[in-house]
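Participant: The chain contents come next:
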Amino acid sequence: MAEERKWGMVVDIDRCTGCQACVIACQTENNILMSSEDIVQQKRAMVWIRIERYWEGEYPNIKARFIPVLCQHCENAPCEPVCPVYATYHNNEGLNVQVYNRCVGTRYCANNCPYHARVFNYWERHTAAPHMQVYPADARAAEPMNEYLNPDVTVRTKGLMEKCTFCLQRIRRVSRQATVEGRAIADGEVQPACVQSCPTGALVFGDLRDARSQVSKLAGDQRAYHLLEDLGTRPAVTYLKKVDPNARATSPSH
Amino acid sequence: MELTRRDFLKISGSSAAGAVLFAGCTPPEHEWKLESPVLLPEDTLTSFENWYASVCRQCEAGCGIITRVVEGRAKKIEGNPLHPLNRGKLCARGEAGLQALYHPDRLRTPLRRTGPRGMGQYQIISWDEALNELVSRLKDQQAQGSAGAVALVTGPLRGLEAHLVTRFARAYGATSLAYAPLEETALQAALKQLFGQDTYPVFDIARANYILSFGANFLEPWISQVHYNRAYGEFRQGQRTQRGYLVQVEPRLSTTAANADEWVPVTPGTEGVLALSIAYVLIDRRLASPTVAQAMTGGAGVQGLGAFRPEEASRITGVPAERIEAIAKALAERRPALVLGGLGPAGHTNGLFNLTAIYALNFLLESVGRPGGVLLNPAPPTPELAARAPASPFLEWQRFAERLRTKQPRPVNILMVHDANPLYGLPPAVQFGEGLKNVPVIISFSSFMDETTAMADLILPDSTYLESWGESIPDPGPGFQAVGFQQPVVKPYFSTRSFTDVLLTVAGELGGQAKEELPWNTYKDALRETAQRLFRLNRGSIRKPDFESFWNTLLQEGGWRDEQATAPRVDLRLPVLARQSQPPQFSGTDKDYPFYLHVFASAGLSDGRGAHLPWLQMTPDPTTTIMWQSWVEMNPRTAAALGLRENDVVVVESPQGRLETMLYLYPAIPPGVVAMPTGQGHTYLGRYAEKRGANPLSILAPMATAEGGALAWGATRVRISKTGRQYPLPKLEGSVPAVQPEDYTIIPVTDLRTR
Ligand code: SF4
Ligand code: SF4
Ligand code: SF4
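For the record, the sequence lines run as chains A and B. Residues in the first sequence are numbered consecutively from 4, following our numbering. Residues in the second sequence are numbered consecutively from 3, following our numbering.
Read the hints as simulated data drawn from the structure, not as lab findings.
Straight-line Cα separation of at most 27 Å, DSS-like style, residue types lysine-lysine; simulated pairs:
#1 B:493 x B:78
#2 A:220 x A:244
#3 A:161 x B:78
#4 A:161 x B:77
#5 A:9 x A:244
#6 B:493 x B:526
#7 B:141 x B:526
#8 B:331 x A:245
#9 B:693 x B:724
One chain only, chain A, in its complex shape (with noise of 0.2 Å):
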């Protein structure tokens, strides 16, 4: 099959606020667990999308960076090797997968993801109804919550490891939609969740083969570098630099 799309994302972390908009709405979007009190004490929430925070300098002069995290879809993804059952490939479309139903839970990917991409499902879902009624392990349990689940998201249980998809289920609906009508996908027609919301236009979503598309574009700006570059990963998310008119200039290094 011919490789004809190359989904990727670009990030302007001169754009992002930091606003959370993004993370709420690929926790409704993919029926991800919601990451109760205890769940975040012991550093295991579940969010595919998350904004890191950076300290910057010391008080008075200091300054907070917001960076918003998800699944790069490396093209050269060290999870992928590392699963025995090969539960994380790289399908044709450039996207990074996770298949529910082959992972058995080694958590080998996880620790072999840089980004620290991956959340590992630790709790059961079914058993959760008496625990709800004090805290929302899993309020996906708590009736009538379940209403808003996704028809088109599988809901994960525990042992399973999952990431973020790039919303896999809206790039398909848009496939279908555009073979039913016997056209091409128009640049900006797919919108994962997180970019749809996305009020500052931070989250930039698209096609990297087509050269005219908004996040090819971007993507070759003068702004844009990848995270953690040097490891040879190459993500299918860039990032654009934060501008930062007061920075001091760094001196050369000589």
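Once you've looked at the hints, dock chain B with the ligands against the given chain A.
Facilitator: Coordinates of chain B with the ligands only, in the frame set by chain A:
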């Protein structure tokens, strides 16, 4: 050749080896690849979806939404691309609206109290019974000539809903009040004074070159988070010739300040002085137009502002004189410049002084009426849409609480509450709870068992916004006339009725003047009448030959707008700058209470109304990454001097009360200030909110702005002491790299359920 596993699989998929694996069948070509021997669940789309346009009611701005509905259930909320306020975008609170709809702790039927008040003993009753009781009680009061002893409390209302509620209160003779914990009354008063409008003007962030913001947390829950975030994106990277520059002045580095190019820490309550000092420099260095400067100083010129010379102002505000000069110069050079003021400067006893001084700078910079500055909004297209019932200022609430308590000048016999929770938000010092004890009948129309509803004798639960009709003039308006229409996207999930429908039913039963004033049977009828008026205007985004097709398109598109209908050009009178500063008053001396308490709106829960939704509870605070809890922020050096560590449970004590919460070491707060988010500390409001964290409003002094009587939430000083206990703050920070955190060497996976 280097062979990655993927390459290997690709090769094997089309080689003989692969054929052996799948011998006996001839799968289609794509099945030869490892990706599809088992089809991904995500590859099979099972649903047939419909999208319905409506309006978000999670905050007061009124963004347009579209809701994905599959088999009669709402599945996803997104922004409506056609709505001019949010143009397809949404915030976390808007996204989380689904959880309000399908919340396990929603009030599902009308209820009548059976046990003692506040004990939660209720009996399920039918709607007929509930309505009969409500109507007969109201009729009784009328018959006794004490209709004035009925009070109707709502949230801040606009448009048709405000129109109906005020008409009802007037026709019946009831007192009506509106409640919002972080009321914007001081801001609205300042804007009215300067720009002559009751509604918010357009702050044209997208086209500004320089923004000077005094505690206007416009990237957080403030007025319209989505609209301003959207504009901010353009401000930074969407303008062709410039990248906007943002300076944020406030005591604590907020999320907005974190995004600013400069953060200027300022002594709380002195923002107005700083603004006037900037005005001084602008005028003194001839950076402002001399005629404007002359008019704004009442002819006195810069001498009139002598009290605000940067050297003087620097002592008061704590901002170095050179910095004041630099900001003034940058403001003058980088036009169009926009100056904003928000919750910080508003929440002091001198709130109105601060805000008028701040917003007046826009006139001095000639930014009013200019793109990239402050633009005016036109009046709504029809008179009933222009109706408003804004939040009543704190002082009015204090008087009302006193009336309840003392029954003077007259008692309140029936208190009806809709979409307001004063028992949670009002500082306990005003003794609202005490007052409630004197009210014989409390009737609530809430969808949830909040603190005030828990005191109710009769509950007629409201439907959520996703199940009811409505409309909303976006506020802030987009600069032209626009109306959002709200339709039920799903049928009521429980046995609930929307408050407006109940109000109309009651008016009909009461008959007489109430019926005359509110002749409609349902809210939808009233709404259609408004739509008729819009239809007859025959302008704007929808033009149709007949009303039914107009109405259908209106609902399909989620509203109506007319981009030509902008505000008429008015020449606003130039405000005269104050000559004297008004120092803020504080409760508590700096000796006994060494810290200013800076209260800010929580990113997820805002003023507390989102606390029942688990998605909002788990929305990380952007700068601390804390979820599910409240905390108090302190400068790490101050904490070290006091022997306090992160996660210490500390007592925060004001002259009015005390609370306990966890300490978070916040590197971006001055040593003399501590900060706390609003939103937690509920005793009711469902399983996700109850008994979680602390509410800073509960220790505030009952202090109000000198003019207008708004709550001065920044006017309370506190002291901090140890309890000796620790509690690990639930936060995202430190999760990466994912090593085992020291405090959690053993993770009790199965024990989780017994917590
Ligand atoms: S929604 Fe956009 S602006 Fe907000 S945190 Fe996410 S990426 Fe940043
Ligand atoms: S970011 Fe991590 S999980 Fe995603 S493809 Fe790369 S290595 Fe795999
Ligand atoms: S692309 Fe989809 S799955 Fe990935 S972070 Fe965004 S919303 Fe979540």
